[in-house]
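Asks: Sequence:
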Amino acid sequence: MSFLDLVKMRSSVRKYASRPVPREAIGRCLEAARLSPSACNAQPWQFIVVDDPGLKKKLADAAFAGVFSMNAFAKDAPVLVVVVRERSGAVASLGGLVRNVPYNLVDIGIACEHFILQAAEEGIGTCWLGWFNGRAVRKTLGIPRGKNADIMISMGYPADGQGRDKIRKSAQQIVRFN
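Each residue of the sequence shown is one higher than the one before, starting from 1 at the first, in this note's numbering.
The reader is advised that the hints may include incorrect statements.
Computed spacing ranges between beta-carbons, pair by pair [what the hints assert, rightly or not]:
hint, residue 1, residue 2, range
1, Ser12, Val106, 18 to 24 Å
2, Arg164, Asn41, 34 to 40 Å
3, Arg164, Glu24, 27 to 33 Å
4, Lys57, Gly95, 38 to 44 Å
5, Glu24, Val98, 39 to 45 Å
6, Ser69, Phe177, 28 to 34 Å
7, Val106, Trp131, 29 to 35 Å
8, Leu97, Val7, 28 to 34 Å
9, Ile167, Glu31, 27 to 33 Å
10, Phe177, Gly66, 42 to 48 Å
11, Asp61, Lys15, 17 to 23 Å
12, Leu97, Gly66, 30 to 36 Å
13, Pro53, Gly142, 16 to 22 Å
14, Asn178, Ile110, 22 to 28 Å
Don't read these hints as lab results, they were simulated from the structure. All residues carry an ideal CB built from backbone N, CA and C; glycine is no exception.
Let the sequences and hints guide you as you build the complete structure.
Replies: See below:
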């Protein structure tokens with residue numbers, strides 16, 4: 001499959017089969033993320049993979065309660081991945097300050113997209129989640145104070161009948177050549 005075909009095929013999955021995701025497949029997704037570029041090669045991320053059913057239930061119950069319940073579908077995913085933002089190196093941090101660009105957030109975005117695209121290549125569905133109780137996630141997983149769990153990714157094989165057309169702006173709406 002070409003890269004463009006992979007990108008066209010990939011979509012967020014919100015209904016998962018109960019089938020477990022092999023750690024070998026998760027490992028390939030993590031390797032894709034590890035190889036992603038980052039500002040000054042800072043690699044400011046840590047991926048915490050939660051596939052133990054008991055801990056995953058505890059994490060999901062904490063992360064997706066109350067005002068965060070719109071993402072409660074993620075409780076049914078066999079795997080939850082928490083992405084923790086680390087500090088960038090001095091040069092990337094200084095550059096980010098000068099440019100007013102949080103490069104470590106850009107970097108984890110790139111790494112997560114590599115992870116998600118590799119999952120799609122494996123036939124594994126994912127959904128990128130930004131709306132969750134970060135404080136509860138940090139407490140449940142013992143993430144130190146001062147570190148942010150900025151992204152969660154739900155992961156699992158899609159339940160039957162998934163797939164929908166992508167609705168995107170036209171190229172003319174988003175591209176400008178000078």
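Asks: Now tell me, hint by hint, if it's right for this structure.
Replies: How the hints compare with the structure:
In this structure the supplied range 18 to 24 Å holds for Ser12 paired with Val106, their Cβ-Cβ distance being about 21 Å. Separation of Arg164 from Asn41 is about 37 Å and conforms to the stated range, judged on CB atoms against 34 to 40 Å. Evaluation of the 27 to 33 Å hint for Arg164 and Glu24 yields a pass: the beta carbon distance comes to about 29 Å. Lys57 and Gly95 have their C-beta atoms about 41 Å apart, which keeps the hinted 38 to 44 Å range intact.
Remark: the range hint 39 to 45 Å for Glu24 to Val98 is upheld by a beta-carbon distance near 42 Å. Distance hint check: the CB atoms of Ser69 and Phe177 are about 44 Å apart, inconsistent with the given range 28 to 34 Å. Look at Val106 against Trp131: about 20 Å separates their beta carbons, and that is not inside 29 to 35 Å. The hinted window of 28 to 34 Å between Leu97 and Val7 holds, with their beta carbons roughly 33 Å apart.
Hint check: Ile167 to Glu31, Cβ distance near 32 Å, so the stated range 27 to 33 Å holds. Look at Phe177 against Gly66: about 47 Å separates their beta carbons, and that is inside 42 to 48 Å. Between Asp61 and Lys15 the Cβ separation comes to about 19 Å, which falls inside the hinted range of 17 to 23 Å. One distance hint, 30 to 36 Å for the beta-carbon pair Leu97 and Gly66, holds here, with the actual separation near 35 Å.
The hinted range of 16 to 22 Å is satisfied by Pro53 and Gly142, whose Cβ atoms lie roughly 19 Å apart. At about 25 Å, the CB distance of Asn178 to Ile110 agrees with the hint of 22 to 28 Å.
Violated hints, listed in ascending order, are 6, 7; each of the other numbered hints is respected by the structure.
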